[in-house]
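Please take these sequences and the hints and turn them into a complete structure.
So the sequence lines, in the order shown, correspond to chains A and B. Going by the numbering used here, 15 is the number at position 15 of the first sequence; the sequence numbering is gapless. Going by the numbering used here, 207 is the number at position 207 of the second sequence; the sequence numbering is gapless.
Some clues are possibly wrong.
Said to hold, decoys possible - Straight-line alpha carbon distances no greater than 25 Å define the calculated SDA-like cross-link-like pairs of lysine to any residue that follow:
| id | chain 1 | residue 1 | chain 2 | residue 2 |
| --- | --- | --- | --- | --- |
| 1 | B | K288 | A | G176 |
| 2 | A | K42 | B | S178 |
| 3 | A | K136 | A | V106 |
| 4 | A | K164 | A | D144 |
| 5 | B | K288 | A | K111 |
| 6 | A | K136 | B | E107 |
| 7 | A | K136 | B | W177 |
| 8 | A | K118 | B | Q173 |
| 9 | A | K118 | B | K251 |
| 10 | A | K118 | B | I273 |
| 11 | A | K118 | B | I195 |
| 12 | A | K136 | B | A204 |
| 13 | A | K136 | B | E71 |
| 14 | B | K288 | A | R141 |
| 15 | A | K136 | B | P176 |
| 16 | A | K111 | A | V145 |
| 17 | B | K251 | B | Y116 |
| 18 | A | K42 | B | H111 |
| 19 | A | K42 | A | P123 |
| 20 | A | K136 | B | R192 |
| 21 | B | K288 | A | R166 |
| 22 | A | K111 | A | E218 |
| 23 | B | K288 | A | L137 |
| 24 | B | K251 | B | I273 |
| 25 | B | K288 | A | M172 |
| 26 | A | K111 | B | R192 |
| 27 | A | K118 | B | E71 |
| 28 | A | K118 | B | I194 |
| 29 | B | K251 | B | Q240 |
| 30 | A | K118 | B | R180 |
| 31 | A | K111 | B | R180 |
| 32 | B | K288 | A | P123 |
| 33 | A | K118 | B | P189 |
| 34 | A | K111 | B | W191 |
Unchecked claim - Residues from chain B that face chain A, not an exhaustive set, calculated with beta carbons under 10 Å:
| id | residue |
| --- | --- |
| 35 | V179 |
| 36 | R180 |
| 37 | A182 |
| 38 | G183 |
Read the hints as simulated data drawn from the structure, not as lab findings. Glycine is no exception: its CB is placed at the ideal position from the N, C-alpha and C atoms.
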Amino acid sequence: MNEQKPYSVSLPTGQSETKLTLAEGLRPRMETRGLSVYYGKKMGVRNVSMPIYANTVTALIGPSGCGKTTFLRALNRMHDLTPIARIEGEALLDGQNIYAPGVDAVEIRRKIGMVFQKPNPFPTLTIYDNVAAGLKLMGVRRRDVLDEAVERSLTQAVLWDEVKDRLRAPGMSLSGGQQQRLCIARALTVQPEVLLMDEPTSALDPISTQSIEDLLTELKKHVTIAIVTHNMQQAGRVSDFTGYFLLGDLIEFGPTNQLFTNPKDAHTEAYITGRFG
Amino acid sequence: MTPPSSIASVIPKGGNLRIRRVWNSVMLVLLVLGSIVVVSPLIAVLGAVLVNGLATINWAFLTQEFRPVTEGGGGVWHAIVGTLLMNLLALLIGGLLGFAGGVLLSEYPDHPINPYLRTISDLLNGLPALLKGLVIYAIIVLPTGMFSGYAGALALAIILTPIVLRATEGVLQLVPWSVREAGLALGLPRWRVIISLVIPAATAGVVTGLMLGFARAAGEAAPLYFTAGGSQFLNFNLGQQTESLALTIFKYANEPSVLRQEQAWGAALILTIMVLIASLLARWATRKYN
Numbered sequence: 001m002n003e004q005k006p007y008s009v010s011l012p013t014g015q016s017e018t019k020l021t022l023a024e025g026l027r028p029r030m031e032t033r034g035l036s037v038y039y040g041k042k043m044g045v046r047n048v049s050m051p052i053y054a055n056t057v058t059a060l061i062g063p064s065g066c067g068k069t070t071f072l073r074a075l076n077r078m079h080d081l082t083p084i085a086r087i088e089g090e091a092l093l094d095g096q097n098i099y100a101p102g103v104d105a106v107e108i109r110r111k112i113g114m115v116f117q118k119p120n121p122f123p124t125l126t127i128y129d130n131v132a133a134g135l136k137l138m139g140v141r142r143r144d145v146l147d148e149a150v151e152r153s154l155t156q157a158v159l160w161d162e163v164k165d166r167l168r169a170p171g172m173s174l175s176g177g178q179q180q181r182l183c184i185a186r187a188l189t190v191q192p193e194v195l196l197m198d199e200p201t202s203a204l205d206p207i208s209t210q211s212i213e214d215l216l217t218e219l220k221k222h223v224t225i226a227i228v229t230h231n232m233q234q235a236g237r238v239s240d241f242t243g244y245f246l247l248g249d250l251i252e253f254g255p256t257n258q259l260f261t262n263p264k265d266a267h268t269e270a271y272i273t274g275r276f277g
Numbered sequence: 001m002t003p004p005s006s007i008a009s010v011i012p013k014g015g016n017l018r019i020r021r022v023w024n025s026v027m028l029v030l031l032v033l034g035s036i037v038v039v040s041p042l043i044a045v046l047g048a049v050l051v052n053g054l055a056t057i058n059w060a061f062l063t064q065e066f067r068p069v070t071e072g073g074g075g076v077w078h079a080i081v082g083t084l085l086m087n088l089l090a091l092l093i094g095g096l097l098g099f100a101g102g103v104l105l106s107e108y109p110d111h112p113i114n115p116y117l118r119t120i121s122d123l124l125n126g127l128p129a130l131l132k133g134l135v136i137y138a139i140i141v142l143p144t145g146m147f148s149g150y151a152g153a154l155a156l157a158i159i160l161t162p163i164v165l166r167a168t169e170g171v172l173q174l175v176p177w178s179v180r181e182a183g184l185a186l187g188l189p190r191w192r193v194i195i196s197l198v199i200p201a202a203t204a205g206v207v208t209g210l211m212l213g214f215a216r217a218a219g220e221a222a223p224l225y226f227t228a229g230g231s232q233f234l235n236f237n238l239g240q241q242t243e244s245l246a247l248t249i250f251k252y253a254n255e256p257s258v259l260r261q262e263q264a265w266g267a268a269l270i271l272t273i274m275v276l277i278a279s280l281l282a283r284w285a286t287r288k289y290n
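Written as structure tokens, this is what we have:
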């Protein structure tokens, strides 16, 4: 298509005060430079350069098959498990390339958690053990530490009140929306610096969706969030920055307000106004 | 031909509901008949074993060793002990090997050794059990110059391994990929995800696979002929010649004595019950995983 423009975040002057305070504290927690993902000969994502700012929510939007999920999974090296997948370019976490030789993918994933499209609690574990799994399997044995971590994560994921009396019930016994919040709690327990979410609400009803959206606003105080979504209203509601993908290219990246109200690219405009996609 | 003005106009009046009902009944009858054809031989075999075996089994038969026909024929206690010892050892060896192989095939699909492992396992599965006994005969019995329960257990282990391997691979593949992804995304190393998250999710299936292998091995007589050698004496030491119920059944069924033939039925029933108990125990032990 066209060559990738370097990203630029130019906040229009005269924005509201909240926007400006957001802009002042901006610091990229993650950043990709010319990142491409190939499946065999097929291109999944081409030459994407974009920042993911600390303590913000970045939404990745675009039509089906545009590469947004592929891009997201490249950010914590989930493609390592797909033998035919090949990565080019760099993905930086706090300035360090996670694909540099000698970098351990396990260490990277410890810092960059992920929530998946479908709720995927560990099928044999209880609610408590699902949330504690990360810590337990890393060797944390102390009961008080685990108890505290489980309560904190479940509270953060707005699930504590619903499950505090049945922590020993199977994780699978929860409803779909609760399961997804359980998975978010599980991801939070290991205190990731970045949380990648791949359409976390696509399998949920509106009420569960709203509770998770509310959660994001709360969570970004502690973590940096990148969320793939098919739902543009959702992107508009929850995100501070938005990247629009099309056919593997990042077409446009910018503050969500700006991208939605004043898109620079005709493709973006067509998509967000619902004429395409 | 002009196309019909609407689809509704070409659908027969009343639809084809009556024909569909008739077909439904016909198919249901065929299905039931098919099930009966499949299940009836199984019931016939089990029934024959049960009826004939029950007539023979009594306390003495269960607790006595071999005795000549002229002294009442004795019992099969020595064979029960031999079967248990050899099969448990075989389950330990073959179960571990097969389990490890199954995990490798399922969880590390790109490992260079896998094509060989898969071929060898399929070959082993297809080879007659007798040949596996001969292999152990050649590499263990001949050099050591004696039949032993250990040699028998090894032969049974070879029979067990490919069964457990394939079963393990199969049930691990049934564990959703998302379980592995969820574990890895928590920053857990792959081996930890496999051991603590994937395998527990497949426990019931793995144990079923082990039981399948155990049942198969418990019923094998041929490979024990050249390895365990059979015995008429009670013996808890696998270093010596060892009897197995399958061997007993084979030997007694071929004897002219009616008493021995009846005892073969009895041994068959005991073997069947042992396998049944083993699988019930396995189900009970893994009940919380179902």
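Verification of the hints:
no. : hint            : verdict
1   : K288/B - G176/A : 22 Å, holds
2   : K42/A - S178/B  : 24 Å, holds
3   : K136/A - V106/A : 16 Å, holds
4   : K164/A - D144/A : 16 Å, holds
5   : K288/B - K111/A : 34 Å, violated
6   : K136/A - E107/B : 22 Å, holds
7   : K136/A - W177/B : 21 Å, holds
8   : K118/A - Q173/B : 19 Å, holds
9   : K118/A - K251/B : 59 Å, violated
10  : K118/A - I273/B : 45 Å, violated
11  : K118/A - I195/B : 23 Å, holds
12  : K136/A - A204/B : 23 Å, holds
13  : K136/A - E71/B  : 64 Å, violated
14  : K288/B - R141/A : 24 Å, holds
15  : K136/A - P176/B : 22 Å, holds
16  : K111/A - V145/A : 19 Å, holds
17  : K251/B - Y116/B : 38 Å, violated
18  : K42/A - H111/B  : 24 Å, holds
19  : K42/A - P123/A  : 34 Å, violated
20  : K136/A - R192/B : 11 Å, holds
21  : K288/B - R166/A : 17 Å, holds
22  : K111/A - E218/A : 19 Å, holds
23  : K288/B - L137/A : 21 Å, holds
24  : K251/B - I273/B : 20 Å, holds
25  : K288/B - M172/A : 14 Å, holds
26  : K111/A - R192/B : 17 Å, holds
27  : K118/A - E71/B  : 71 Å, violated
28  : K118/A - I194/B : 21 Å, holds
29  : K251/B - Q240/B : 19 Å, holds
30  : K118/A - R180/B : 14 Å, holds
31  : K111/A - R180/B : 18 Å, holds
32  : K288/B - P123/A : 12 Å, holds
33  : K118/A - P189/B : 22 Å, holds
34  : K111/A - W191/B : 19 Å, holds
35  : V179            : 6 Å, holds
36  : R180            : 8 Å, holds
37  : A182            : 5 Å, holds
38  : G183            : 8 Å, holds
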